[in-house]
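For chain A, the structure is supplied; the task is to place chains B, C and D on it using the hints.
Protein chains in written order, with this note's numbering: chain A, 1 to 345; chain B, 346 to 690; chain C, 691 to 1035; chain D, 1036 to 1380.
Hints were generated in silico from the structure; no laboratory data involved.
Careful, some of the hints might be misleading.
[As the list claims (entries may be wrong)] With a straight-line cut-off of 20 Å between C-alpha atoms, the simulated SDA-like cross-links for lysine to any residue are:
id, chain 1, residue 1, chain 2, residue 2
1, B, Lys645, A, Ser128
2, A, Lys19, D, Tyr1066
3, C, Lys914, A, Pro14
4, C, Lys990, C, Thr1007
Protein chains: 4
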Amino acid sequence: MILFQCDYNEGCHPSIIEKLSETNMEQTVGYGMDDYCKQAADMICQKCENNALDVHFLVGGTQTNATVIDAALRSYQGVISAVSGHINVHETGAVEAMGHKVLALPSDDGKIRAEQIKQLYELHQGDSDKEHTVQPKMVYISNPTELGTIYYKEELEELAKVCHTYGLYLFMDGARLGYGLTAEGNDLTMADIARCCDVFYIGGTKVGALFGEAVVIRNKDLQKDFRYFIKQKGGMLAKGRLLGIQFSTLFENDLYFTIAQHANKLADEIRAALNRKGYSYLVENTTNQIFPIMPDEHLKILSDKYGYCYQAKIDDTHSAVRFCTSWATTEENVKRLVEDIDGLK
Amino acid sequence: MILFQCDYNEGCHPSIIEKLSETNMEQTVGYGMDDYCKQAADMICQKCENNALDVHFLVGGTQTNATVIDAALRSYQGVISAVSGHINVHETGAVEAMGHKVLALPSDDGKIRAEQIKQLYELHQGDSDKEHTVQPKMVYISNPTELGTIYYKEELEELAKVCHTYGLYLFMDGARLGYGLTAEGNDLTMADIARCCDVFYIGGTKVGALFGEAVVIRNKDLQKDFRYFIKQKGGMLAKGRLLGIQFSTLFENDLYFTIAQHANKLADEIRAALNRKGYSYLVENTTNQIFPIMPDEHLKILSDKYGYCYQAKIDDTHSAVRFCTSWATTEENVKRLVEDIDGLK
Amino acid sequence: MILFQCDYNEGCHPSIIEKLSETNMEQTVGYGMDDYCKQAADMICQKCENNALDVHFLVGGTQTNATVIDAALRSYQGVISAVSGHINVHETGAVEAMGHKVLALPSDDGKIRAEQIKQLYELHQGDSDKEHTVQPKMVYISNPTELGTIYYKEELEELAKVCHTYGLYLFMDGARLGYGLTAEGNDLTMADIARCCDVFYIGGTKVGALFGEAVVIRNKDLQKDFRYFIKQKGGMLAKGRLLGIQFSTLFENDLYFTIAQHANKLADEIRAALNRKGYSYLVENTTNQIFPIMPDEHLKILSDKYGYCYQAKIDDTHSAVRFCTSWATTEENVKRLVEDIDGLK
Amino acid sequence: MILFQCDYNEGCHPSIIEKLSETNMEQTVGYGMDDYCKQAADMICQKCENNALDVHFLVGGTQTNATVIDAALRSYQGVISAVSGHINVHETGAVEAMGHKVLALPSDDGKIRAEQIKQLYELHQGDSDKEHTVQPKMVYISNPTELGTIYYKEELEELAKVCHTYGLYLFMDGARLGYGLTAEGNDLTMADIARCCDVFYIGGTKVGALFGEAVVIRNKDLQKDFRYFIKQKGGMLAKGRLLGIQFSTLFENDLYFTIAQHANKLADEIRAALNRKGYSYLVENTTNQIFPIMPDEHLKILSDKYGYCYQAKIDDTHSAVRFCTSWATTEENVKRLVEDIDGLK
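Here chain A stands alone, though its shape is the one from the complex (with noise of 0.2 Å):
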């Protein structure tokens, strides 16, 4: 069986495991104030090129999307998010159960717009008793999207915009960030994203560590206190330099993003034989997760040697499945699942 459900079901680049290994025995402080975490964070705020304040390590994703959110808000501000978004659908309520509402937008491809954005906050703000509602006080958006899709420039710089006039902190999931910054016909930079985000993330769990996600805070109202989140959500990891080896060894000579490429490639490989077939998707993408709508009776076939994460029903005959490529695929791997497909009547 060769699983294509997930960026997640292989450990982690080998150099990542090699220099966990060599450094096993050396004695550090712990709770993230070692040596190679601050090296880490060094090394993520000149890729940021000056345009962040911290840089904080904690183990995974929901944890990261909830401290951030709680360290943002107060209990009656609520976070707009598409409809799709990962705190709106798959981390268990854990924003809510932080205390916070998350407010949803409609999104047919999982971005959010400007002009929803705009609308969602004058109508609050028009409302005589607006008390009487959750107040918006910040925007999370995902890149790529969990569907797969990117932010561009124009598109990212129009919601700092609207965040910016509104008061509204702007804040980017990046659990995939590096599939998307280095997907075809993205225009966006790390430091573009520094400069128009109040608060992002770099995530490691998906994209060659063991786990780890790295927020990088550029506002500083965000700053203050951030570590007492941190501890208190149950994020600050004891032996915190296992997240600085990571995130070090991820950023020496751009590997985050070299390996990132392998996996937009090696998708690019599977979509061309979906096409050859003639099958239509969910949402088009240029990243790593690839959203075919295929007949029920194909996706049985490859079922038998390939896993794949199932959508949604789209009609009797017809599915929509998930089929991802992460750093660790293999070109064999998915040299079969082409000719696989290629093979399908």
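Below, chains B, C and D without anything else, positioned relative to chain A:
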């Protein structure tokens, strides 16, 4: 200025303020353990034809919704509501502040259907990663809804059935219950509601009381330690007798229903005038809230003499507004409004 | 049975119920935006000699404490309180339910001292892992305390000074404030309190109102969006005018203080009788709560005719209890109690 | 600089990093549903002699404590802990952030006694207004405690008995469990713990793993939907196999216990040196944490070469500090420290 903007512009029914005056210097124990509360609870239980286990008195609606929902749900469970539901829109995220997600369902008329519940529940159950999404556990409906519509017996029974099948609690917000149960076309009794719902509340604030909501618990899972929840959420009135006195007055000789019917009858007179002008409605209904769509210039004329609520912009020259009658509305004021509507050109 | 067990056994001062009756059918806007609330707020501001920024009216004490504390603190910050503080003991964890730790300090008489605050704060600051412990951010005191003692001007000023030095908010729970400010030995005025505290509240429930607490905000950090907090926590009364009417009546001609003094005077008569019997006290004080230590057999005799509160077992034959007077206590009832105490053998 | 300040200064036991390297490129499903987690859970169940229902793997201690406690308690219920308990002091109010009060009991040695539980529970039950106070529902103990002391079998059985009688859950935080179970004087086995506790966890972070805590659930009331809690609180590691691999390695051939015993033995060597100098201890114990009271000038000398933790000021010239050994401490480093202690004058 005559106010038609809501149903809580006046104090309380005269017989309530009289009774409060009469009993003012009596000594009673606090926190709802007095004889007036016992008496009121008994009267309500009788009205429910022995389908109630417990009756508790709280002060206001937001507090009551949040208390009941928090008592019913564990932190990973959510409450299903129409997107227009009061808890989803007008309570400043009180439910989320207690850690629970509101799972909003689309609705044009403020009501939700059994079929929608079924779909949402089955979608959750069918998810292979179901612990990554909020578990639906309660269904919140309001009757009348925020748009003045009412549930029919068959609809309520279907909701109860689907809730029972899936182990979901059914909770009815009856902030305006009196207006619903005396509306033209209503075929529900309070006993029906007590039979169908696991918990519901009878609104006092909007139907003749100074304040107060009576929570009726039917499901024994919700009965245990409910007073701890009331106290913690700030809903336990020190002089609890004030609630007992008000509700026992309202349920003596069905005063609650008599005064609600009065409001509906006056609403019908306003509706007749609006119909004569040929206005359409945002939603049609038979209770004390009326949602006409009117030319903005007509609204401007009326606004000199009458208070009403702005609801939504329909087009460049029309808006939907809300006129409310209540137990306190006078024939005389309605007559004036009707004449002025008739006189619009 | 004559009840001395608490100060909320009766309704409200007759002039309040009269005013509520008189204004009952007036139409006003809701949620505390009416003229009665404005008038009451102005009267209170005047009493504070312009040391107040805003006055808000809430329904009950637990709700008020939780709302003020949640408005002041971020999730990793805690509120310092005497171990006997109402928020630490008698509010079913309402503060914790909103996510904040109560940092309890030892206290024999219900009061906390500036020196204790200093020590606790410095211990936190000196901790190299300080983000692993809750950050102290607010000091909660009650005046009178739960044990009937009062703060003297010098003590309050010292607390204010240490709070100011360390950036802590000082919050006074004045559920029984009237009884404190009219007690023998008191040297504080409401203006002193408004000068020293960042926020405090004036209790209505226990001092002549049917219900209601008036929150006075002095620090502008606590002012912003406070109405959102009130609404979310369920403390925004739909018919807010009920609170405005009650507080404007209480602050007309200093009624609030006159009726509180009445209670203290009657408490002194009971104290004199207890002194004649030679009883000692759990804590000595000069307000309307009295905590004598009495032989259990004497208590048994009194319990046939009088309600009092059990406080603590002292030894095998003695207990501490609480007798309360209030604005509503009659000379006649006190005379009876005094005679019966005098007659104990 | 040789660090003795905590037991998480190094990475992990060499056999773990080897196993992680070996399995690195295997494909497994995520979120703890892989075979390595199943295998590790089975090994732990076996060690518990079939007294466990479920084993779950989380990442860190604060997260684990908060998740278990939130899963056990409703919002009005509290957890009893020694005042020195980790949840009460060093987790930034994580338990309160989830809405629950920690009910702290005095303790000199970090342990709490059955009699204290009994008194606190009965005080609550005897309160006529018991719904005004937090309901005790869980007892939290740590073994070894934060002061390095251990529970004896008889003590644990008495705690279990009183908890059982009153319907309280007994929860043991075993962050350092290995050091406790291999300490001189210990008479508990893991099976005893599984028999006595409703839930407990086996600490990996401090006993040889890179990170990870294994929660063992014995009471079926705590079993239902536990994975929802893990996910919501951010404790569900995407690459869950990392935890399975670590714990299966630790429980193969009792490695967990062997390496813990190593630490205790080295701690004894340091203790012997401290005893030779005649120092007393803050608390005496037999595990890997040592709390000597030493002259400040001696501490200053040692601080040039050794890291230790400052614990408390004892008097003007003495302080209590903490020295920790761990699975990773070397004989050589201990030998140096011992020589330097012996050389102090």
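Pair hint C/Lys914 and A/Pro14, alpha-carbon separation not exceeding 20 Å: violated (52 Å)
20 Å limit on alpha-carbon distance, applied to hinted pair B/Lys645 and A/Ser128: holds (17 Å)
Restraint check for C/Lys990 with C/Thr1007, where alpha carbons must lie at most 20 Å apart: holds (11 Å)
Given hint D/Tyr1066 paired with A/Lys19 - CA-CA distance at most 20 Å: violated (25 Å)
In this structure, the earlier hints numbered 2, 3 are contradicted, and the remaining ones agree with it.
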